[in-house]
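The whole structure should be built from the sequences, with the hints applied where relevant.
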Amino acid sequence: MPILTVENLRKAYGPLQAVDGASFVIEAGEVFGLLGPNGAGKSTTINIIATILNADSGQVTVSGVPISTSGEYKRKIGYVPQEISLSERLTARENLAFFGRLYDLSGATLQSAVDEMLVGVGLVDRANDLVQNFSGGMKRRLNIAASLLHKPDLILLDEPTAGVDPQARAFIFELVERLAAQGKAILYTTHYMEEAQRLCKRTAIIDHGKILAMGTLEELVRGVRTKRELVIEAPRLSNEQSQQIAEALGHAHWTMADGAVRLAVQDGAPILIQAAKVCGDLGINPTSLRIAEPTLETVFLELTGRALRD
Amino acid sequence: MRPLRIIALLVGKDLRILCRSKATLAVIFIPGIVLYTIFTNIFSGPAGGGVRPLRVAVIDEDQSTASSQLIEALSATNLKTILTDTDEPGGKPLTVEQVKESIRRRRSYRVGLVIPKGYHESPTMLMRPDIHKGITILYDELEPIEAQIAGGMIQMAAGRQVFTSMFSLGKSGKAATSAPEGERMLVKVERQSIRSNGMKNEAKHTFLAGIVPMFLLFSAAGAARGLLEGMKSGETRRLLAAPISPGHMVLGALGNMLVIQVVQCYVMYIFAWLVFHVAIWEIAGGLFALTLCTAIATIGFGLFLGAVSKTPEQLDALGTMVILAMSAIGGSMVPRHVMPEWMKRFGLLTINGWSFDGFMSVIARDEFVDLLKPCAVLLGVGIVCAAMGSVLLQRRQRG
Numbered sequence: 001m002p003i004l005t006v007e008n009l010r011k012a013y014g015p016l017q018a019v020d021g022a023s024f025v026i027e028a029g030e031v032f033g034l035l036g037p038n039g040a041g042k043s044t045t046i047n048i049i050a051t052i053l054n055a056d057s058g059q060v061t062v063s064g065v066p067i068s069t070s071g072e073y074k075r076k077i078g079y080v081p082q083e084i085s086l087s088e089r090l091t092a093r094e095n096l097a098f099f100g101r102l103y104d105l106s107g108a109t110l111q112s113a114v115d116e117m118l119v120g121v122g123l124v125d126r127a128n129d130l131v132q133n134f135s136g137g138m139k140r141r142l143n144i145a146a147s148l149l150h151k152p153d154l155i156l157l158d159e160p161t162a163g164v165d166p167q168a169r170a171f172i173f174e175l176v177e178r179l180a181a182q183g184k185a186i187l188y189t190t191h192y193m194e195e196a197q198r199l200c201k202r203t204a205i206i207d208h209g210k211i212l213a214m215g216t217l218e219e220l221v222r223g224v225r226t227k228r229e230l231v232i233e234a235p236r237l238s239n240e241q242s243q244q245i246a247e248a249l250g251h252a253h254w255t256m257a258d259g260a261v262r263l264a265v266q267d268g269a270p271i272l273i274q275a276a277k278v279c280g281d282l283g284i285n286p287t288s289l290r291i292a293e294p295t296l297e298t299v300f301l302e303l304t305g306r307a308l309r310d
Numbered sequence: 311m312r313p314l315r316i317i318a319l320l321v322g323k324d325l326r327i328l329c330r331s332k333a334t335l336a337v338i339f340i341p342g343i344v345l346y347t348i349f350t351n352i353f354s355g356p357a358g359g360g361v362r363p364l365r366v367a368v369i370d371e372d373q374s375t376a377s378s379q380l381i382e383a384l385s386a387t388n389l390k391t392i393l394t395d396t397d398e399p400g401g402k403p404l405t406v407e408q409v410k411e412s413i414r415r416r417r418s419y420r421v422g423l424v425i426p427k428g429y430h431e432s433p434t435m436l437m438r439p440d441i442h443k444g445i446t447i448l449y450d451e452l453e454p455i456e457a458q459i460a461g462g463m464i465q466m467a468a469g470r471q472v473f474t475s476m477f478s479l480g481k482s483g484k485a486a487t488s489a490p491e492g493e494r495m496l497v498k499v500e501r502q503s504i505r506s507n508g509m510k511n512e513a514k515h516t517f518l519a520g521i522v523p524m525f526l527l528f529s530a531a532g533a534a535r536g537l538l539e540g541m542k543s544g545e546t547r548r549l550l551a552a553p554i555s556p557g558h559m560v561l562g563a564l565g566n567m568l569v570i571q572v573v574q575c576y577v578m579y580i581f582a583w584l585v586f587h588v589a590i591w592e593i594a595g596g597l598f599a600l601t602l603c604t605a606i607a608t609i610g611f612g613l614f615l616g617a618v619s620k621t622p623e624q625l626d627a628l629g630t631m632v633i634l635a636m637s638a639i640g641g642s643m644v645p646r647h648v649m650p651e652w653m654k655r656f657g658l659l660t661i662n663g664w665s666f667d668g669f670m671s672v673i674a675r676d677e678f679v680d681l682l683k684p685c686a687v688l689l690g691v692g693i694v695c696a697a698m699g700s701v702l703l704q705r706r707q708r709g
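Going line by line, the protein sequences match chains E and R.
Residues in the first sequence are numbered from 1 upward in steps of one, following the working numbering.
Residues in the second sequence are numbered from 311 upward in steps of one, following the working numbering.
Please note that a few of the clues may not be correct.
As the list claims (entries may be wrong) - Only pairs whose alpha carbons sit at most 27 Å apart, straight line, appear in this in silico DSSO-like list of lysine-lysine:
1. K210/E to K332/R
2. K410/R to K498/R
3. K332/R to K542/R
4. K542/R to K514/R
5. K542/R to K390/R
6. K542/R to K76/E
As the list claims (entries may be wrong) - Restraint-style ranges between C-beta atoms, simulated for each label pair:
7. Q167/E to R708/R: 34 to 44 Å
8. G690/R to V25/E: 46 to 56 Å
9. A686/R to N133/E: 40 to 50 Å
10. G305/E to L319/R: 38 to 48 Å
11. R222/E to R708/R: 52 to 62 Å
12. W652/R to S68/E: 51 to 61 Å
13. A686/R to N54/E: 35 to 45 Å
14. N54/E to M698/R: 11 to 21 Å
15. N8/E to K542/R: 27 to 37 Å
What the hints assert, rightly or not - With the C-beta cut set under 10 Å, the calculated list includes, among others, these residues of chain R facing chain E:
16. Q458
17. I459
18. M463
19. Q465
20. G540
21. S543
22. G544
23. E545
24. R548
25. A552
26. P556
27. P650
28. R708
In case anyone wonders, no lab produced these hints; they're calculated from the structure.
Because the structure is a prediction, the values reported are computed rather than measured.
Where is the CB? At the ideal position from N, CA and C, for every residue including glycine.
In structure tokens form, the structure reads like this:
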């Protein structure tokens, strides 16, 4: 069942087209990734869906309700901003109660929603501590919890792991997976490939406001020219040696990065054996010989001509 | 030599950075120039102008040659005498009641002179001190300086009058009776306040009247800075995504500021009551109304300043400049009653000016209707500024 439908969304800031005709659908229980570098248009897209920004044109519906600043629409979304937007001088419980009241929760309903969230993000023991004494990861978890109290259909997570330690990141991943399992639709923006690969059922790659490609990882990889690569790492590998390896293996094109030579290949195991023999013949002692499967990074590089963090 | 080169290098770098920050440059140089211009104008008249004549109403009950000569002599000093109820020829002579009312309402003059009947019998103390009838100065205790100036001018005019009389009497003239011992005045001057129940214009009142709006303006600019920082931090975005209207958000923020500002004022009032014995409880109603209106005006203005500033840093620069200038013109640094007339009028373009006048009305225990005008203006300024600021901020936030 589609929860979020975005059609031909556009937003410009003067001559800069921040979002350029974005269209996508997110189903219930799906984590949908919006992957792109800083300034690609991810946050602008999420801010439009959250009614924080007005779109220039386009349609957005959440659970069948068209976008508006009405309470009916806003109650269907839970927006988690990129920054920690909690009151440092309030306790975790007080912060959650404040956000719960914004969504008209009160009395026992509010109490039970707050308790449920504190359990959900593992902060029951710290419920009555001031947020200013929390670690970055704890604040991130509470930041997410504050947007879930009213049980929204759609959760908008704007780079929720920015600046957190690996342990906290793992907790957030687990939480996102749990929410998806509960049937929530999740729009997850990130510029970390591994997050999109790990969490998202489908991913849209966005750059300069345009969605360049969209689909599951398999679909995206299938759509690019770059296939698997043979990677040979060896100490003090020169360009001349790399050229010799490539010629011996019948390849005209090769790249070299971080002391490794890379060649696009079709098959797996046979080429490895052949490469090992060529290296022996040329007097090169490789430290690593492997086949690298294409990733989102490969897809992004090919689609945009640059690495994600450039 | 190297340490000097390093120091010069560091200084050069900082200066280069400074020169590239227009806002910082503005904060460094402009407030000083603005304040200097304002204070120079307060104490010496507009740039290029001469000394301002003091406007004084004169009620000539004597209608004698002597009284006319005195009026003429007064006009020869730096007083502009007003004798009739209109500036046109043929106006009716002023009455004491008319003059008192005009002074109370702070119209075109702040001082009135009453030349009593029988003044001509002994215009100065040098002649017949026993029958000498002095001159009464009608003035407002809230604005005492002009009465003091007028008193000095009367003595100067009387001296000139005596000199002229002696010259015209020549050698045959009668010698003037010597002034009574210990009496140095040529003319007895009695100062009469137009107020019967108000408090006096003391520093403890004028500075409280001046400091309150300036303090509130800085406080409001600080709150507006918090609002801008909130917009940057995501707090505002999260609230905008929640089912509350932007109007509620703005009103919530304004309400919070209002409570804080009123409490801030009352802490100051209670301090003034405890330490300087300012009788705040006797004027509690008017004081509360004025405090509320001043707080609304400053909060609205602060929000507007925040809305027209792109960054918190820009707000700091703009806010400091505007508030200091408004405070200087509006009586927060120099009491309004020592300012030239044109600057008093100019001061009414500021929140400080209206708040100052309102406060002085409260102190003077003017009628309620006298407080209505400053309160209405302050309230209006606050509402208009808050509405404009709110619209601008929403427009900016929503792109």
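* To do: Quick one: which hint numbers does this structure break? Sort them smallest to largest.
  => Structure breaks hints 1, 4, 5, 11, 16, 17, 18, 19 and 27.
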